[in-house]
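Participant: Residues per chain, in single letters:
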Amino acid sequence: MAVDADVVRLRRGDLNALSELITRYQNRLYRYLLRIVRQPAEAEDLFQQTWLRVVEKIRSFDANRNFDAWLFTLARNLAIDHLRRIRPESLDEPLANSWHSENVADRISSKDHTPLDHALAAERRTEISEAMAGLPMIYREVLTLRFEDEMKIEEIAQVTAVPVSTAKSRLRRSLEQLRDALEARYPGGTWQ
Amino acid sequence: MNEHDKIRELLALAAADALTSAEEEQVAEHVRSCIACSNELEAWRPIASELRRLPTPQPSSWLVQATLARAEAKFTEQAEHDWNHRLMIIVVAFAWLLTIASWAVFHVVSGRFERLLGPQFSHTWISFAAFTALEWLAGGVAAVMLAIRQRGERRLV
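Those protein sequence lines, which keep their order, are chains A and B.
Position in the first sequence counted from 1, then plus 22, gives you our numbering.
Position in the second sequence counted from 1, then plus 1, gives you our numbering.
Derived EDC-like pairs: lysine to aspartate or glutamate, alpha-carbon spacing no greater than 20 angstroms straight-line: (1) LYS7(B) / GLU43(B); (2) LYS79(A) / ASP36(A); (3) LYS79(A) / GLU81(B); (4) LYS79(A) / ASP90(A); (5) LYS75(B) / GLU66(A); (6) LYS79(A) / ASP83(B); (7) LYS75(B) / ASP67(A); (8) LYS79(A) / GLU78(B).
So, partial list: chain B residues that the calculated Cβ filter (under 10 angstroms) puts toward chain A: (9) ASP18; (10) ARG54; (11) PRO58; (12) LEU64; (13) LEU69; (14) ALA72; (15) PHE76.
Rather than coming from a laboratory, the hints here were simulated on the basis of the structure.
Bear in mind the structure is a predicted one, so any value in this text is a computation, not a measurement.
Ideal Cβ positions, reconstructed from N, Cα and C, are used throughout, including at glycine.
Just chain A, same shape as in the assembly:
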């Protein structure tokens, strides 16, 4: 595994490296936290706490390890502690219709060409987002790590602190639950 030069520089005390890392990971980390806690204000607070924790712990981080997994593990631990403290029930229970963090412009991808394509694609993503937001935390988490952060199963297992086989079965169950939720909302596969 290649050693991340910015991480090495940060360990040596280079503040510019910290700025580089925050800029590089800002979207991924914020998205991950938002998928877990579902509330933008809480995700923002956890985003800041995660970077403060990075500063605190960076000296003890082995630069030869995977920084992505380490960063997301720190974020996850903080998010879970937060949820346990604020809304312990939210760790297991789904919360329907709570996906308010995106506006319509966010949902439209540049890969969709015609206005009709735009509208249909936006609609599909809204449906998927809402169905995903209704899943329990561990399923939302594994979906975002696999599909949005494009982590390998081994990395997901590392972040979530479970064996690879558990991460795999969790991913399968999350997909099954997502599909069930979509089919319940849109019988006959009309969401497609």
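Given the coordinates of chain A, work out where chain B should sit on it, guided by the hints.
Facilitator: Relative to the frame of chain A, chain B by itself:
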């Protein structure tokens, strides 16, 4: 569980590109001859595809700037703390060195160096202990005054 059921359980993971190469081969071989599994795999693909294309919520630039400012302040504070810690170790080591050296100097100056191991050792020892205690007390007072001053400066910042 027969082969068909086993493969069926892998289809969602196949759409998620989360299979090992051996499992991928197994699935590919099976779906070539099983229409039901082939259809099922096709049903998973749009879900996986849409999940990959979900929009990424962006943190506000304010959040990034605020985080950077807080993290930099913490970083500086931590670096200062580490430096103070190292300085403290050096000062303590120096104080011990000075104490030990001053013991010998004390005896040389008072002309009683030879009596170190002699009968008046206890008297020498008491003098030395008093001298050492005075040294450490002065050091302690200086450290407390320094800490109070630093705290005051932090409040002003």
